[in-house]
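Trainee: Chain by chain, the residues run as shown.
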Amino acid sequence: MTTAYNIIVCGSLVPDPLQTLEPIQGPTGPALKNEMMLPSVLDPWAGHSLFEAANLAKQHPGSKVTLLSIGPKAKLQQLMMIIAQKVPFELVCLDGSASGFMDSREVAAALAGAIEKIPGLDKTKLLVFGGCSSASRDSGTTMQMIAEQLGITDVFLAVDELKFQADGSFRLLERVEGGQYQVSTCTGAPVVIGWATGNLPEPPNNPQVGMANMRTIMPSLQKAQPAGLKTDAIKFASVQLPGQQRQTRIVKDTPIDEIAKEIVTWIKG
Amino acid sequence: MEKILFLAHTDSNGQLPKVALETLNAALQIKQGLAGSTLTIGLVGENVQAAADQIASCGMEKALGVSGADFGMSRYATDVKAAAALGTASGATIIIAPATSRFSRALPGAAFRLKATIDTHVSGIQFTEGVLQIQRWYYRQRMMATLTRVARPWIIAIDSGVFPPWQGTKGSAKVEAVSVAVADQEKRTKMTGIEAPSADAQTIRPEAQILLVAGAGWTKKQTDGQIHAKEAEKHILDFLKLAKASLGSSKSLVDQGSEGEAVLTCMSHLNQVGQTGSTPRHPKGLSTCCHGEEPHVVGWRFINERRAINTDASCGWAQGKADVLYVADAFAVMSKVNELLAKG
Ligand SMILES: Cc1cc2nc3c(=O)[nH]c(=O)nc-3n(C[C@H](O)[C@H](O)[C@H](O)COP(=O)(O)OP(=O)(O)OC[C@H]3O[C@@H](n4cnc5c(N)ncnc54)[C@H](O)[C@@H]3O)c2cc1C
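Going down the list, the sequences are from chains A and B.
Quick note: the first sequence uses this note's numbering, first residue 1, plus one each step.
Quick note: the second sequence uses this note's numbering, first residue 270, plus one each step.
All clues stand as given, with none of them false.
Pairs of lysine to aspartate or glutamate, EDC-like flavour, derived with a Cα cap of 16 Å: (1) A:Lys261 to B:Asp598; (2) B:Lys489 to B:Asp524; (3) A:Lys252 to B:Asp598; (4) A:Lys230 to A:Asp95; (5) B:Lys612 to A:Asp257; (6) B:Lys605 to A:Glu258.
To spell it out: a stretch of chain B is covered by chain A in this simulated footprint if at least three of its residues, at any positions, have a beta carbon under 8 Å from a beta carbon of chain A; those stretches are: (7) 341 to 349; (8) 365 to 376; (9) 589 to 597.
It should be emphasised that the hints constitute simulated quantities derived from the structure, not laboratory data.
Being a predicted model, the structure only gives us computed values, none of them experimental.
Where is the CB? At the ideal position from N, CA and C, for every residue including glycine.
All chains should be modelled from the sequences, with the hints used to inform the complete structure.
Mentor: See below:
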């Protein structure tokens, strides 16, 4: 008999990476220019973890996937329009900043608090997923702090593969130095996993999945509570775009031999 | 006056990894910058004596160690306990640690237990009016912040390649053992080994002088209307061997594996550079058949000299992202480059 898991995926929105970003000084610290107007995407590594969660839920009937997000309500709603058709999930959300300049400790405390409030949660069947780091703060610290608050002591970071073994234990591959994997086994749930890319392509849109998801998404957005994040932990002295643009020398209509020679000289230089 | 703890773990040979020696230099700089501060060394590993001896002459006040078979493997539950115990035993106000994969996993948990704040991917330190400030990037290398924190303890995880490794003479250090009891519950996870992503030669070499990036163009139809994936792979692997290069990839090229198109078998997602990939550090980088879009190029933040080969003169590299763009067929250029490199 397979186990039915409760899979909570922590993930929120980040600016579309194709957008130009510019830092500004906001009333409570650094922010992005036109932050509320920037098109957003689901934080990519968290997105991969959502797809992995949905795939696992499919293989373990009775499992449930909950997407837990902190973000400005209006922006979360826009994001849901993009991702609701991807995979089945229920949404739990908190209204608050998704800015990279927030301290992860605050964010983790709010997320763990929201997990603890999910009714009927059986911690022995709990898999908490998220990205190994965000595309905004890029700190890779939030998932571990959630684990600590929930009392979960098996944590994995930068995971590309989670396999369920016949005896109910897990086998995981974590990215480590030099492009290698650390292989670990764990006796089973509960675990916290910060995913890297995983192995699944982005699922195609499925309108039926979207319709089913919307039944929980809209009420969840409506009753989203304020996340209560404070912004005073970090004292920013400055936030700047990197200085120089390079003066690109464009070498055109030049014989291959000459180009190759120039490249070899450069490599050896 | 700060109580600084340099926290590190041993590698599989019982020594300190290079990034730990780099981080020790950062710790020493902080000690020097904050007058009256003290430096304690905290080591985690199966046996930490050799590592302590390795840095015995660094100017430490004290060395603490958590050791034993339970601490030989990289595992969250035991690492977090060891790091927190060393934090407590040292009474540290600032903890400086290397951002190894092992510590990147464990330190945030230790921060929680120590009621500490933590900053990761730290890529610089400075002192302004006697205050320690750190530098780190936000939005995946898009903007750099200089910041400080008032709360203590403050854990600072330093990325590799930022500081030169500490060099000094070996000695014999007296290591004070900090005992940490491990419950069965904390041994649910076991590290069983290290695996390379494919059976092929190791293509990711963090120490390489040059990074070769391959883009999706290598597996696109060329002017003859054909795909030349085998030939592409040969050019790439030959170059890696001849130039002792590390191999990076664009997202499009490695995604092709999961999307059923032509693939280069030497590539995996681990090679991906960029927004959702890695941000390697190498003195030089050569991009081939890659368009140079912003989500890719943010991964080049720490590549100093950049050149690109692309058939498209208006590709992203032309827009101030590379020092030199060669508008040419990468198949032809790389074949010739390899020929010249082979001649020595
Ligand atoms: C959320 C998100 C995250 C992303 N993260 C990343 C990331 O981490 N890393 C990343 O790389 N991308 C990332 N991207 C994707 C990025 O926007 C680009 O789509 C991707 O980098 C394009 O890859 P490419 O340049 O290899 O392929 P293409 O855009 O297909 O470019 C191929 C290039 O090859 C050239 N070419 C073809 N044949 C030859 C030849 N014979 N000689 C020379 N040149 C030739 C073509 O002129 C073209 O410029 C991300 C996108 C999103 C939305």
